[in-house]
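Undergrad: Please arrange chain B on chain A, whose structure you already have, making use of the hints.
Residue numbers (my numbering), protein chains in the order written: chain A, 1 to 179; chain B, 1 to 482.
It should be emphasised that the hints constitute simulated quantities derived from the structure, not laboratory data. Please read all numbers here as calculations on a predicted model, not as lab measurements. Keep in mind that the hints are not guaranteed to be accurate.
Pair by pair, the computed Cβ-Cβ distance ranges are [stated by the list, open to error]: (1) V222/B <-> V42/A: 49 to 55 Å; (2) F162/B <-> I24/A: 44 to 50 Å; (3) G34/A <-> V344/B: 48 to 54 Å; (4) H68/A <-> R433/B: 37 to 43 Å; (5) H336/B <-> A37/A: 45 to 51 Å; (6) T53/A <-> Q72/B: 34 to 40 Å; (7) R224/B <-> G41/A: 41 to 47 Å; (8) G97/B <-> I101/A: 50 to 56 Å; (9) R386/B <-> I101/A: 35 to 41 Å; (10) G41/A <-> V222/B: 47 to 53 Å; (11) R12/B <-> S20/A: 57 to 63 Å.
Idealized CB from N, CA, C, for every residue including glycine.
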Amino acid sequence: MKQASPGAAPTGAAPATGVSRRNILLKVGAGLNGLAALLIGVPLLGYVLSSFTRKSQDSWISLGPLDHFPQGETRLAVYRNPVSKPWDGDTAEVPCWVRRIEGDAFQVFAINCTHLGCPVRWFQESRLFMCPCHGGAFYEDGSHASGPPPRGLFEYQHKVESGELKVLGGHLPTLAEPL
Amino acid sequence: MLRSIALWLEERLHLVKLFQATGGHKVPPSTNSWFYVFGSGTLLCFILQIVTGICLAFVYVPSTSQAWASLQYLNNQQFLGWFLRAVHNWGSIFMVGIMTLHLVQTFLFGAFKYPRELTWVSGCFLFLCTLGMAFTGQILRFDQDAYWGLGIGASIMGRVPFIGAELVHLMLAGSFIAGETLSRFFSLHVFVVPGLIIALLSLHLRLVLTKGINEYPKPGYVVRKESYETEYEEVIEKTGVPFVPNVIGKDLIFSGFLIVAIVTCALVFGPQGPSGPPNPTLIHTAPAPDFYFLPIYAILALLPAYMETFLLLVAPVLGIAALILLPFYSGTGEKHFRRRPMAVVIVLLAFLTVGVLAYLGTFAPWSPHMDAWSGAATPPAYVKGRTPLELRGAVLIQSKQCRNCHSLGDEGGLRGPALDTVATRLTRDQLIRQVIQGSGNMPAYGKNLHPAEVTALVAFMQTLRPSYEPEAKDSSQQANIR
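This is chain A alone, in the form it adopts within the complex (with noise of 0.2 Å):
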């Protein structure tokens, strides 16, 4: 292939010359511009997927003292979630039902339904958990009574800590991704 040095002749005196000079001012410019993409767009798309890039940021949370919670019996608990914005309103509090078996046994369970994450409701005459979307019900020690959920309801690590319960807590219980 025969091209023009790019010094020969002034542009627009030989036509050849000319379009080979346009093609490389296209083809530095294309690729400056390909460039340019990739400084906005990798940032862009770091900035949108960071989800895939994040790290847990669960921690241990105080449901209260242990004589909130008498013994054998089953209460609802509202924590503030640790990852809070100031902005979140009312959405940062986040109910769970904690379970007193007695002494220092306890079971803390997520208010999710495993199901699709409808809020479930503790019963205390039948000692079943009811969910109101889709009819899951659990039975007092969170496993699965009947109903489409396909496992027993979320339960939190917990420990009890300077006379205070505490669950292991920090992200929305899901199938793939459970307390």
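TA: Frame of chain A; chain B shown alone:
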């Protein structure tokens, strides 16, 4: 004077050329039909949604701490705010409805066939985007239903293998349903999806101009790739009429009625919601979706658990692919629905399925009635003349929350069978076994009932039968006697 202004503008903008290439383009006279008004009707709804949406965004605050309050403000204090919210809501309902009619009409009239494949494909994506607008819009009405609706969306995402947790995080824009979640959905509803719709719509309309509008199909006319375009051009050349002013009349009349219908619904029914405040600690709520998602709500309750994840994640992909690829496996041949019986059957089956599921979704027989145990009365006939033991059972059937799932006298849950005639179906032994061990969808109550309570409960249930029907008998016992 006016004429000279018009000429001045024409010289610069070439308006005559523009008109001839767009509104004035020639269409087959057979398209001057009432069946051809749904596309423009959908477009009108979209424009109405943009206008009302912009106005609502003047006031609405996309923040989880204030969205609900700003909706209350719109409903009750902002002058005509309630009206704009109602029009936006009813506009969305009509948009989904008219768009569905448009889809069904183009399907039954074979409009997707050669050479209008891209028109169909872009239309399918427009349909998906519109459903996306419906879902994200429901989230912006940030109330209890929206909050738990997000939870349901996250739970579905959480079933995706391998990257489920990341998808949940991406959808919620964080670890919980919180401030950033609403901001994300606001951005989708107001910028991303409408932008996509405008781009797709431009393609859709461009294709209507380049490939023409589908002629009214005739039974017996067969689309062939070799000859169709020449035949269509011949029709246009010989009999074609300009869309404006010859054909647009019916579109205008339909659009006029559409606006009247939307405004009437808005005035009569008013704005929808917001329901209770989006506070996750208020758990005494029974979240339900807007009507377009009732069929999905229903199918999620009715599917057997083992096929649920498959049907949630794979079936929609297959179904949507089959819809989008339709012109590529059925692109030629007969167009008229009388010669395409399977097409008619598919439409009828689809409407029947979606209709029945939506109907079931309106009263959700699979959900326990959470207040029936304390709120529903025991029919007097069922306590009249009963022994103290049986009466104790009648009290237990309330206090043990049996009626959340079982109805008596048409009051109570429909999750389990009604108990009005249970004694004709189950013997004493079977009743005891069922209560203690449960089975199917019934939990076992063995641990939660004292033996004396079981005795009382079963004694009461044994009285539940009409006088003219005998009680259930244990056939194995009788066989032994003989």
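Undergrad: Each of the hints needs a verdict: does it hold here or not?
TA: Status of the hints after comparison with the structure:
no. : hint                          : result
1   : V222/B <-> V42/A: 49 to 55 Å  : 52 Å, holds
2   : F162/B <-> I24/A: 44 to 50 Å  : 46 Å, holds
3   : G34/A <-> V344/B: 48 to 54 Å  : 51 Å, holds
4   : H68/A <-> R433/B: 37 to 43 Å  : 40 Å, holds
5   : H336/B <-> A37/A: 45 to 51 Å  : 49 Å, holds
6   : T53/A <-> Q72/B: 34 to 40 Å   : 39 Å, holds
7   : R224/B <-> G41/A: 41 to 47 Å  : 45 Å, holds
8   : G97/B <-> I101/A: 50 to 56 Å  : 53 Å, holds
9   : R386/B <-> I101/A: 35 to 41 Å : 38 Å, holds
10  : G41/A <-> V222/B: 47 to 53 Å  : 48 Å, holds
11  : R12/B <-> S20/A: 57 to 63 Å   : 38 Å, violated
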